[in-house]
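Colleague: Chain by chain, the residues:
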Amino acid sequence: MKILKATRIERCIGCHVCSLSCARLVHGLLSWQVSGIRIKSSGGISTGFEATYCLACKEPICARSCPTGAISIRKAGGVRIRKDLCIRCSSCIEACPVNAITKTDHGFPVVCIHCGLCTNFCPHGCLEMIEAVSSQDVHDQGGQTGE
Amino acid sequence: MSMIKEDRQVNKGNFRIMTVDLSSGKASIEKIADQDKAVGGSGLCALLFEKAGLKDEPWNHPEQPLIFAIGPLTGYFPLMSKTVCAFKSPYHNQYTESHGGGRSALSLRFTGLDALVIKGRAKRPCLLSIGSNSLEIKDAHFLWGMDVIYSGRIIRHMVEKSHGHRSILRIGPAGENLSAMACINADTYRHFGRLGAGAVMGAKNLKAIVILGDSSLPMPQENKPYRKMWKEVFQDVHSSGMMHKYHDLGTPANLERLNNIKSLPWRNLQASYDPDAHMISGQSFATRHLLRNLACSGCPVGCIHVGFVREKFTKDSRYYYQQMAYDYEPIFALGSMLGIKEPVTILKLIEKADRLGLDAISAGVALAWATEAMEKAIITQKETLLPLSFGHGASYLEALGHLAVASNEFYRLLAQGTLKAANRYGGGEFACVLGQEMAGYATGELFFAAQSLGFRHSHLDTGAYSYEQKHAEQDLKKAVDFLLEDELPRCLLNSMVACLFSRKVYTKERLAQCLESLGYLDLAANLDKAAADIRRARWKLRFDTGFDPDEIEIPKRFFKVTSWKGPVDRKFLLELKRSYGQAIKNLVFKQANPPQGTRK
Ligand code: SF4
Ligand code: SF4
Ligand code: SF4
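Taken in order, these protein sequences are the chains called A and B.
1 is the number of the first residue of the first sequence in my numbering; add one for each residue after it.
148 is the number of the first residue of the second sequence in my numbering; add one for each residue after it.
Please keep in mind that the hints were generated in silico from the structure rather than gathered at the bench.
Don't be surprised by glycine CBs; every beta carbon is placed ideally from N, CA and C.
Check each hint, because a few of them may be wrong.
[Claimed, not checked] From the derived model, a few chain A residues whose C-beta atoms are all more than 12 Å from chain B: (1) 28; (2) 84; (3) 85; (4) 90.
[As the list claims (entries may be wrong)] Derived CB-CB ranges, DEER-like: (5) 107/A - 179/B: 30 to 38 Å; (6) 460/B - 50/A: 25 to 33 Å; (7) 103/A - 404/B: 46 to 54 Å; (8) 368/B - 10/A: 36 to 44 Å.
Input sequences plus hints: build the corresponding full structure.
Modeller: Rendered as structure tokens:
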């Protein structure tokens, strides 16, 4: 039961191949935006890149915010959004504290489903699938997050 | 998918072109047929210039178009990451292209355009911002005079509406001052470098173009073949060795090798070898000055090498640091060509040229000529305002500033091209100009002839520099045939639009498969014809705007070079130039008649 983590994002070269791959393979689109992971420069590309993606919160705030119950919580971590139940209200997009949810040109929310496909294409090994251990768990066990 | 998007796909076969008229502040969207013939990129630019260009008017006529075009594979496949910019050049008043990357190509793709055409002249300095559902022309008079780096920072705040992917194309003081050596900076570390595209923006009072790239596009209707093809190409890229080659030292890996075969221009090409080349080798830069790598969007290779300079500026430990992208060409032009052997100095010169919006190659080669002219007392400090001398970086740092803003008559002329200054002051015999300021390959006769007459006067028009490193024999026909043959696949790649570093991966067969997987069946079946037509269309525009191969002279300095093959053979070089020129004429004028009355 693993989740996506950009564990080595400091190595990122900003190629957008991860986003393009997620859009192509998971969402059936050509896009660098409608993707579970989005790469952006943190204030001009001279300062490095940030990856935005679902952190697989232990208590997903997005799911709580959804008025129609379209968002279910995955056991492995993260959430699933059922398009047929979604009314495109954008509540989840606003609720996610790390802006992990984006939307299609039609307003449907898009979030990482932690499938791991993108990790196969990152040329610098920035992304990996790791066991879902939230910092809360680690805290409960009295340990360090290591992040 | 929205209606518009579906519409876009159904209309495959049509280009979607946006034309912005800066004079009126209005834009139009047009569908143009013939995607199967003009393809995109280079071919599309030629088609659009043929329609909108004013062949007989000068480059800075307000109605001259400035064109940016991508191709059918842009964004769909790895390394399809370049944009072709086409314009009438301030350098020679003829039609030309300059190619750049960064995020420009994908941003155009995700703005839903195959090409952006900019016409007219704004009343005041302005900034153009385009998105899939927005268009704004903003006042930018306060950015005029501002350097490329600083203006980039401000523009990021001026155009908030973005998810961080947009492309920002902008000019520096060189472009504002209409220098024929002004580049367009693309996303800080890439450039539409050569032949003065920056001045074309300057002449239009256009400081910057922001391309938002804020929509998504549908997949081809048959999705599976495309996905499969993408994977294959991705694997090709990995197994081709490219990843290693361009990850490792990048293009500067060539420097020591070229020096060892006596092909690296030093001190205005007074030498082609120097025992100290190791000081500025790719290894030397990588070990001490490489900060990290970057990629053009859609390219997993990431060849961009970002270097850094850290400098103490007070006695106690106060430092500042600067970042700049380095490549072989700028290291040659602002390094060996100026006799500079300290990487730090070279990086500072590159950074300065970038800030000013100057093309590093042209600027370095022009200053190398000025230095020798000073040594020979053809000009004095009255002209140069500085004691230029090979190896002394401090004066070159200042000289770049003079060149960018055309501080006096001397620098004004020099900024229009080294030969323009030489015509006034003398010293044309040692101007290192091959159609434009030379690229860093003193490999011999073939490269000199090829750059002199090449379509963009670029080392990338053909692989002459590489052919010549393997062929010492003087076989005129074989050499000219090579130049002609090698131009064709490049025309195709430049129409897709691929990064030329991927030319081994994207063979004609591969390109056809990629196109097929996206549903471009006719085009995939007719690539040879498309390549030949595009080549002819481009050359025709060159001739129509005044090109005459016989008018281009190779300065004496090139006949005095000794490369690994030995001293340059004057007769062979002239023969090569003549027969390559004739071959180019034949491409356009079937009966091999010279062009009638060239326009200047
Ligand atoms: S989408 Fe946002 S709120 Fe929901 S689980 Fe992921 S990170 Fe947490
Ligand atoms: S893990 Fe899967 S869903 Fe998440 S960003 Fe990567 S490809 Fe997309
Ligand atoms: S694929 Fe890797 S290097 Fe490229 S943008 Fe994504 S995280 Fe960065």
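Colleague: Going through the earlier hints one by one, which of them does the structure break, listed in rising order?
Modeller: Failing hint: just 1.
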